[in-house]
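> Given the sequences, and given the hints that come with them, work out the whole structure.
Chains Y and P, in that order, are what the protein sequence lines are.
Under our numbering, the first residue of the first sequence carries the number 558, and numbering increases by one thereafter.
Under our numbering, the first residue of the second sequence carries the number 558, and numbering increases by one thereafter.
None of these hints come from the bench; they were simulated from the model.
Treat the hints loosely; a few may be bogus.
Treat identical chains as interchangeable: a pair holds within one or across any two.
[Claimed, not checked] Below, computed lysine to aspartate or glutamate pairings styled on EDC-like, alpha-carbon distance capped at 20 Å:
id : residue 1 : residue 2
1  : 574       : 666
2  : 882       : 765
3  : 574       : 619
4  : 738       : 642
5  : 689       : 943
Protein chains: 2
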Amino acid sequence: MARVMIDRASENLRPLKERLATIKDIHSAASVLAWDRQTYMPEGGVGGRAEQLASLARTAHEMLVSPETGRLLEDAGGREPGSDDAALLRLARREHDRAVRLPARLVAETSRVTALAEVAWIQARTHSDWSKFAPHLDQILALKQEEADYLDGEHPYDAMLDRYDPGSSTERLVVMFDELKAGIVPLVSEISASLGEDRAAPLRGAFDEAAQEAFGREIISSFGYDWSRGRQDRAVHPFCINFGDPGDVRITTRFDPELLSVGLFATYHEAGHALYEQGVDPSYSRTPLAGGVSMGVHESQSRLWENLVARSRPFWSHFQPKLRKAFPGVLDGVDIETMYRAVNAVRPSEVRTEADELTYDLHVLLRFELEVGLFEGNLTVADLPEAWNTKMEEYLGIVPENDALGVLQDTHWAIGYFGYFPSYTLGNVLSVQLFETALKERPGIVPGMERGEFGDLLGWLRENVHRHGKKYEPDDLIAHSTGRPPDTAPYLRYLESKFGELYGLKPL
Amino acid sequence: MARVMIDRASENLRPLKERLATIKDIHSAASVLAWDRQTYMPEGGVGGRAEQLASLARTAHEMLVSPETGRLLEDAGGREPGSDDAALLRLARREHDRAVRLPARLVAETSRVTALAEVAWIQARTHSDWSKFAPHLDQILALKQEEADYLDGEHPYDAMLDRYDPGSSTERLVVMFDELKAGIVPLVSEISASLGEDRAAPLRGAFDEAAQEAFGREIISSFGYDWSRGRQDRAVHPFCINFGDPGDVRITTRFDPELLSVGLFATYHEAGHALYEQGVDPSYSRTPLAGGVSMGVHESQSRLWENLVARSRPFWSHFQPKLRKAFPGVLDGVDIETMYRAVNAVRPSEVRTEADELTYDLHVLLRFELEVGLFEGNLTVADLPEAWNTKMEEYLGIVPENDALGVLQDTHWAIGYFGYFPSYTLGNVLSVQLFETALKERPGIVPGMERGEFGDLLGWLRENVHRHGKKYEPDDLIAHSTGRPPDTAPYLRYLESKFGELYGLKPL
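Laid out in structure tokens, this is it:
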């Protein structure tokens, strides 16, 4: 009997699931249009594309908030706790409840305005001309503040965070950043005071872009990136994107022909995101369960492969000889240890995506504080360039040469991603917590890395993180896979140990 | 007063226009997804993409047939005859009336089935394995026959034609093809009987693909193709595609490294389509007036640039020296006249897209007759390979070596484009009618071509064809621009004169 009842119950969800699948498809279509805009679209397409994206956003929104969807969600009742269907209903109801509070006009307008702003941002960054971008950002901020008003969180910025990291809050992030600041700033100061030779020098030279691309492809193939379900293209700002199922997960990269680290680590980073998406249970496709659970967990995957794998000694012990072969003549005399020190050279710098592992979170902290200031009303768009430079000097001791290397460097604001930046640091914190657990449970991981094999690591991540998609809340997923809630302590210990040894700060 | 009334009237159309714009945007989004599928999508994306396209098709359809759209169309009343708004209403009502007769399920299913069939067709063609494609074609044909039933034309095939060439009919096409057959078949026979040396030999050799692409790009740039509003990529089956406005009109090409004509003429052909779309009045964007008026007129543009321009003596008198420079060593000793004879060599062959100008329409005739047979029920999918080969032998005197070079060669059936093929021949007929008029009205066209300049020709086409978009019915557009209805006589005279001279059939 129970079996029959469950079958009937699941039968009842079919109309709801079909509706949610259609909505997901429309969002996925919008993602294809976004990918195209950032890779191959000619400039003449800007206006039309903005309209198309606005129409898709409005249509999906209207479908989600329609009385019919509301009725289907209401009629669905409850499901066995812990089941996929229970999770699906929880997520669908959350999306629906959030969406009904936002007018369709606001959703469409945000889509249209950001589509145009992104192009303006590329222009502004190219010419380091803040004035080209500021009016767009004013519009976006106003729309986002309106959104926050409708969503009505404890703190006006919470509504932004919630979109990327359900369960996160301004209050909680303030605590996290305080802990990190207390641990990282003294480390950075100590290292900065004693900076000797430029350890990163081997990464500078003439690195043929095609060779960089080929090398990066080889590495991420060994990570497990499946090319039959993805591809790699060039973009101004590297990203990973998927279209509602694990069958097509693409990454983009940019290369600097004079600085090897830019393209390589961007490739590993985006591949980390892609491995997550390619590993989600395919039965979740076209449902609210599809895709990575939060941006914090997503960044834990990208940072794990970028830093804990590709900035480690075991990794370079295998790949250094291959790298030298890939760039004959350029890396002569650079041995494994020199390479390890090069990719881990600490030097306060202007650009977040090119920052070393240790100073990285200070870049994020700066952005977090600026965003909170904007949403609390203590800061306006016009104040941003100066406030940016002031904080850069305070946390990193440097002032960007120009706005392209400062306030204009990231794409996030241009595409309306306020509240996203903290995910990077959350990701750093979680990456170490996950990696430590993986190493304990799978002793073969490090020996594998020394052979250029990553199956054990990917297997653990697939099992404990990837396949679950959005089924569990981020905190629950982490607690389940690591045995404890998110915690900054392992991350700080890792940084102290790694950079302490690298810079001889403490006798080991 | 009249001014105020017109303003009010146009004000009343705003909600309708917004709705139609949203529907158009969704179709444009689907076109972006189709472009991506045919150029860059990894194979793992096939299933998801089919669902996305089905959802977009169903959503746009439901929006078009909704009671609200019906009410807006009804309330819109009439507009001043000849005005853009009157044309917009005529087209919107036609689209609506057609759509309300089709169930949303059929529309979504057709989209999904063709998305999957296209991939199967690529596989089937690659392996020349009809059995891989036949089950898909069975499904598509059944869906299309169901569509024809709902649309209920004089002849079951008329519903297919109407989609591509409003005003066309099976009856009218039978007359057209009869006239053409009577003129062309004897010409082909006469030439085939006296085939001597292989005039097309200079086109065979080792032609570097990158050099082919560069040369093609140079030519279509001189035609007037605007790269800031388009791009060129590779695809199995070349096509031109746009996304609802003239700001982004893309073409694709494929190259054969051993046969120069394939890539070059495909490039000119698709560029002809693209010049049309890039020339449509931008104020028609996101309305039913956007885009080329019919596939027949569209093909008149592609065939005009491909044949009347790029297979002419004036064209080669300018570009032959450039071509020799682009392929150093390969074309030594090939003079202008030899090249002109090479690109116009008549030789019955298997593949339509590579057919010479004279035998081309016989390929179309064959497809037209097969499609009519399928829709009349005299032929089944299973009969197609044999029926294809029988007709090839009858009209062209050859039997394809395999199905890849026969019944599997075209993408059209795989994407559900029954009724499209006749547009190619209609296009050939119209291209000469338009070109003759243009030459009369702009005597600078031929001297321009001899200098590699095409501004006069493009200007005439822009003025008389392109800018009008879908405003006029195809027949009216042709009557307006050439002073007479579509007519096979100029086309037949042109073929007789050109190939008569080339093959010495009649003393000139």
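> Each hint: holds or not?
Results for each hint:
Only between protomers do residue 574 and residue 666 lie at most 20 Å apart by alpha-carbon distance; the minimum there is 18 Å, versus 28 Å within a single protomer. For a Cα distance limit of 20 Å, the shortest separation of residue 882 from residue 765 inside one copy, 13 Å, qualifies, whereas the shortest one across copies, 29 Å, does not. Taking the shortest alpha-carbon separations for residue 574 and residue 619, both the intra-copy value of 16 Å and the inter-copy value of 18 Å come in at or below 20 Å. Within a single copy, residue 738 and residue 642 get their C-alpha atoms no closer than 41 Å, and across copies no closer than 63 Å, so neither meets the 20 Å cut-off.
With identical chains, the CA atoms of residue 689 and residue 943 are at most 20 Å apart within one copy only, with a shortest distance of 16 Å there and 64 Å across copies.
Hint 4 from the list above is the single one not met by this structure.
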